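Engineer: The lines below spell out each chain.
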Amino acid sequence: MSKEPEQPEPSRGRRALLRGAVLLASGLATGPLAAKKTDARKLPAQAGDELCFPSWEHDGRMLLAGEIEIGATPLLVYPRDPATGVVRERSRLNQILVMRFAPEDLTESMRPLSADGVLAYSGLCTHTACGVSEWKSDEKHLLCPCHGSEFDPLQKGKRITGPAPRSLPGLPIASRGEHLVIAGPFTSKVGANA
Amino acid sequence: MNSMKITLIEAACLLGLLALALPGYAEAPAYNAVTDARLRAPEDHNWLQYRRTYDSWGYSPLKQITAANVSKLRAAWTFSTGVVEAHQSPPIVNDGMMFITTPRNQVIALDARSGEQLWRYARELPDDLFQLHPTNRGVALYGDRLYLATVDAYLVALDARTGEVIWEAEVEDYLAGYYMTLAPQAIKGKIIVGMSGGEFGIRGFIQAFDATSGESVWKTSMVPGPGEAGHETWNEDDWKRGGVSVWVTGSYDPETNLTYWGTGNAGPWMADQRPGDNLYATSVVALDADTGKIESHHQYHWSDAWDWDEVSAPILLDVTRNGRALKGMIHAGRDGYLWLLERDKKDIRFVDAVPYVHQNVFTGIDPESGRPTYDPTRIPRTGARTEFCPSIWGGKDWPPSAYNPDTGLLYIPANENLCSAISGEPAKYRRGELYMGAKLAEVEVFPTEAAKDHVGELQAWNMATGEKAWTVPFKSHNWGPVLTTAGNLIFSGGTNDRLFRAFDATTGKILWQQKTNSGVVGVPVSYAIDGKQYVAVQSGWGVDAQRKQDFLNKHWGTSTQVPQGGVLWVFELPDAP
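Which chain is which? The protein sequence lines are B and X, in order.
Position 84, counted from 1, in the first sequence is what the numbering used here calls 84; the numbers after and before it change by one each time, with no gaps.
Counting the second sequence from 1 gives a position; the numbering used here is that position plus 194.
Note that these hints are calculated values from the structure, not bench results.
Check the hints yourself; a few may be wrong.
These stretches of chain X come out as covered by chain B in the derived footprint (C-beta under 8 Å, 3 or more residues) [claimed, not checked]: (1) 322-330; (2) 553-567; (3) 620-628.
Treat the numbers as computed from the prediction; the structure is a model and nothing was measured.
Cβ atoms here follow ideal geometry from the backbone N, Cα and C, with glycine treated the same way.
Chain B on its own, in the form it takes in the complex (with noise of 0.2 Å):
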């Protein structure tokens, strides 16, 4: 099996494990049979967080803002704790998707969401958290190619067709020397509703 490269992890082949829930209500496990220690890649995106490549595109690196050009598809970018390293890119939830507009297409509200024009956004979307991964470049909307709902970034991810009950979350950033920052939460929850 071909597998992308990844961050070192429990090995696949030996992941049979005896999860009798009555031996962990007894309190009698221990080792391969205790509750499986809470994985840092899966938690959720914290403000402060720096933007970077997961691991199997652009070799993992850092996001440069710079690389970000006016009306270019969007790039998916995971967060990346900066205490620690580590790139949070074992949950969906922490798709991100960026771009950049003229600073003159932004609204005074946007702005406060923005780095000099860049726009981040989950990469989900909100119907049955399909990825958001088109983008119509003449629209400049962000398209789930699942169903077909559609996402305007200038307005801050609202729905403009499909069956998706509500905006995309957007996600507050701002520069830290040539990188991107994550500076609060997301705007609303991400994925589905259900």
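Got chain B; can you put chain X on it based on the hints?
Structural biologist: Leaving out everything else, chain X in the frame of chain B:
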């Protein structure tokens, strides 16, 4: 590996000690362990696996309920699962204990006589999981355990008596687009599963696990890698993300120890982006059940560009064709052709193929090899919109056909008079995201003029002559898995009117029907307790049946809505006065 064994032994001891101390264990119902002998020759009153028998007939030898008395059939009891989306799994019955599954990977154990819930397992799924196909097609039973393949790509072993988790094995990484929806297959101490995710740039495979320990025994890729036979049918690195998912349980021939699995289409959808025949896509593959070695295969159609997965397992049966008796395999293809193949220990040979619905892609079939030729204007390609028939869901999708040895007829839940159009575009791979070469939201399904008459069909084909015996048409499209019984009956739902019906197995005449809560896309079964026969099926519409209805509503300007929510229905005859 040694430390793992020690851990398992220690844990088994702990479980044993606790079993003595816990009243729940002490009161667990008596359970008749499922052996290989029982799977090979199940008692008439049981339904121990997906299609009841390894040959995938979907046939029950019970005959208390007959064409003569089925009009009196009534609901004995029902059970609401509390879950929405497609309830496709058969109720698996072992000596009065029943197991059903629901979307989001719940397993519910019931008293098959009274409908009382015995236990329920609800898998805790990841909060970031996206489900393209939120469904599950059932469990496998082996020993005193039950096995479930999950949408986050785990195989889970439960104690069939209590629902306690015994082990779970991560089969693949759901974050890379892998998931499972099929019922596992149990053969001689192994639990065999296939992997879904063909729309996400996966590399499909079939894998066997040790039923006791959960350790992997063998794994066979459905996209051959460098140095493996068939690799030459792929161009450059296309094989790495070649799709070929496996999402319906295989058949098995104990005489040859070969297990036969149908495979999905290659990915991305646009064939011009992955030149070659693309083995083992859209094929039937025969694997040695002990080793996973591919002994033979037959590719129904090469270099698929129509999303015509051929995942339904072939029905294994002995037939006589043109005066010659042969060990046959019959498959109603999503490509709209009914395929008859011949099998032995070393080979699969083409015998015959005829269209069972309108199909405008094939221009011919080689009489020796069975290889079709194509109309090039009907092959979807990058940068163009291409129309073709039947639709992307084919003449028949996953809902299983059934074979009745008493009538000699094969019953196919078909869809006629539907076509599709796909607009191809370059596919860009992004891990865990759709990788299709076409926007899913822009795929078209549209009815032909003839669809005003009907879309859904139940077809019967005479296996002795290879000719169609009769067709029952439905205005609605049809997503109904088929059960047939020795009572000269067929049971099936699948239509948007929420009906579950009984048909005369000889003539196709509708003899009885019941309006249910939702649309019936579940696999029906029959079983008996203390000599009393029951018919059971889940009603719970969703996934592709709903998507197809949405297409038809859009085209016809209708607003037909089939309510969701799963209910298990169990039917019986009234007791004699």
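Engineer: Within the assertion that chain B covers the stretch 620-628 of chain X, do at least three residues meet a Cβ-to-Cβ distance smaller than 8 Å?
Structural biologist: Holds: 5 residues of the stretch 620-628 of chain X have a Cβ under 8 Å from chain B.
Engineer: Okay, the stretch 322-330 of chain X and chain B, do three or more residues pass the C-beta test at under 8 Å?
Structural biologist: The restraint on the stretch 322-330 of chain X holds, since 5 of its residues have a Cβ under 8 Å from chain B and three suffice.
Engineer: Are there three or more residues in the stretch 553-567 of chain X whose C-beta lies closer than 8 Å to some C-beta of chain B?
Structural biologist: Our answer is that it is violated, as 0 residues pass the Cβ test (under 8 Å) against chain B, missing three.
Of the numbered hints listed earlier, the single one contradicted by the structure is hint 2.
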